[in-house]
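A.B. asks: Here are the chains, one letter per residue:
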Amino acid sequence: MKHILSVLVENEAGVLSRVAGLFSARGFNIDGLTVAPVGDGETSRITLETYGDDNIIEQIIKQLHKLVPVIQVHDLTDRPHVERELMLVKVEAERDMRAEVLRIADIFRSRVVDATSSTFVVEVTGSSDKLDACLNLLEPLGVVEVVRTGKVAMARGAKRMREGLKEAPVKK
Amino acid sequence: MQLNGAQIVVECLLEQGVKSVFGYPGGAVLYIYDEIFKNKERIHHYLFRHEQGALHAADGYARATGEVGVALVTSGPGATNAVTGLATAYMDSIPMVCITGQVPVALIGNDAFQEADIVGITRSCTKHNYLVKDIKDLARVLREAFYIARTGRPGPVVVDIPKDITNQMFEFTPASGDPVIRSYKPTSEGHTGQIRKAVKLMANAKRPLLYTGGGVLLSNASDELTEMTRAWGAPITNTLMGLGAYPASDKQFVGMLGMHGTYEANMAVSRCDLLVAIGARFDDRVTGKISEFAPEAEIIHVDVDPTSISKNVAVDVPIVGDIKPVLEKMLPMVLEEKFQSKKPDLTDWWAEIDQWRKQDCLRYEQKEDVIEAQFVIQKLHELTNGNAIVATDVGQHQMWAAQFYGFEKPRRWLTSGGLGTMGYGLPAALGAQVAHPEETVVLISGEGSFQMNLQELATAFQYRLPVKIAILNNGFLGMVRQWQEFFYESRYAESVMEVTPDFMKLADAFGATGIRATHPKEVVPAIEKALATKGPVIMDFHVNREANVYPMVPAGAALNEMILL
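Protein chains in written order, with this note's numbering: chain X, 1 to 172; chain A, 1001 to 1565.
To be clear, the hints were calculated from the coordinates, so they are not data collected in a lab. Any given hint could turn out to be false.
What the hints assert, rightly or not - Selected chain X positions facing chain A (in silico; Cβ < 10 angstroms): (1) H3; (2) I4; (3) S17; (4) L22; (5) H65; (6) K66; (7) V68; (8) R160.
All C-beta atoms, glycine included, are put in the ideal place defined by N, C-alpha and C.
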């Protein structure tokens, strides 16, 4: 089964390769991986999509915890959460096709962020399914390039991921 | 106090109580070596002949003392030569700090002379590693390295220090307490509720078995384990890594389990109704066919590393914690009147075990003309009163040593269990001898393994480290030959050691004493002479070329499908 893990790590050199290296060394799967510094810049948040049975997921979570720079790991799969992905699609759009591209973009509440006489770049955000659906419709019109971020995800509700860390002193 | 980086390194080592450093100099660490030279009254450096040797020596030192072993090597080839030593320590959870030199910060990434990305290379064979790119981080990183190496599940930590950092000045403030790392909080106390649950199962088990591993030794919990085992009355088995955690001569000890474990231990695992695993990680060499491992048992597992729990075998009662505090909590519960009055009579269970014991699975015959390796180890045991610190390499001799040198006390058995590193033994023995200059340190090796790091004989001679080396010379890579005999229709592909050095001349060349024994009658005099000799000694025992290690569980078979002699 697919799982979405949210991993809070120290924002230091090499953390990403420690996480990615753990997956390759132990034969776990990575389906998607997004990472960026968050908050004060001292931490980064990784959203990881992976799959496996319960035992494998349990191992993955425990092994991630074991990495020294990993502060917290949460499996968001079974708790209410929101997830988003961003996609940029460069699509051919000449003369009579231009209106069709704009119509499709409109259906998916996406925006055209660049235009030339022959192409548009469309920015789409939402669930991965929505992005797939949009891409399916654009493809027959002539997709030139696609880039997607992979998922980012966050638990719903008031609880903050870092809450448990409040009393811990911050490393200089 | 303003100090340069090299001075900060030495001050941090002294702060951690480090007395001995094992290493090999080179360009990138010269400032550090210069500083050690100036401080040689306070800190002793041992020059090995290969970085791998230095790392194994630090490892042997750590296993024999329980302290963090420290190695120091230069950048590039120095650091890459250290990798096998790191991987060995990592697999066996040995606390170690390895300082590697690095090219100056400005050259990193430029393919500079003797540059290697050692943080990248060692990421998967260390507990953690650091590249220090700023002098202001140096002291903190070194302190964190020691803290990480020795706490939780111990392991090796690499600190990579660019050369220019060791020559820059910075304010040094002595340490105050353990470092605080917000993302690193190992659990040490076991959960009391879970421990109670475990003790309840223990009080009801009719066919219990304790299965203990290296974690007991790492946690210095042998006394607690011994006391609890005796109070309970259950049989106990050790893994290869756990030998010495419980006295081998005790009647409750049923021997090692696993691939070359005893018949009684493996049958007991297969029949027990409760398995209490303590500081052991269900390695494939122990479990055999996993689906048939302890099929009738509920399993309690105590381990400091949560990833070890339910990794290979599903566990009924997991207890995450350091072994010593967990056993300290368990012991009074086991001693309680309620436990003692309630526990079932184990007489029938012991009768069953005694039946298996009658197999006498470790029997062998010492004939008149050819020396048996097992006989040599038994004689070594007798003549050292079972008191020596024993290091081994990897192969048949290692298994025979595990089977025939009964270990009564902890930290006297140095062997590469997890990684199975040939060439480990000699430098590890030297590291242990540095730690315990007055003790008898014996290396049991094979002629194949010994050749992998024999250059360290020079180190033994230089520092007057009087290790007694017993080479069980059978002219084969014995364990490889055994597998080829069993599973490859006796095609001995490249397992024949057609040429070995003349170990007598080799001993002579390195300032050691050489003794050769080719006849059973010569075994005891050879050992007696070696033990009476002051310096390092090589005993070259020409043993039965065709002998196999029995009993044996073929890889992938269940523990109760042992091949007996």
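A.B. asks: Compare the structure with each hint and give your call.
C.D. replies: Results of checking the hints against the structure:
| no. | hint | in the structure |
| --- | --- | --- |
| 1 | H3 | 17 angstroms, violated |
| 2 | I4 | 21 angstroms, violated |
| 3 | S17 | 7 angstroms, holds |
| 4 | L22 | 8 angstroms, holds |
| 5 | H65 | 7 angstroms, holds |
| 6 | K66 | 6 angstroms, holds |
| 7 | V68 | 4 angstroms, holds |
| 8 | R160 | 16 angstroms, violated |
In this structure, the earlier hints numbered 1, 2 and 8 are contradicted, and the remaining ones agree with it.
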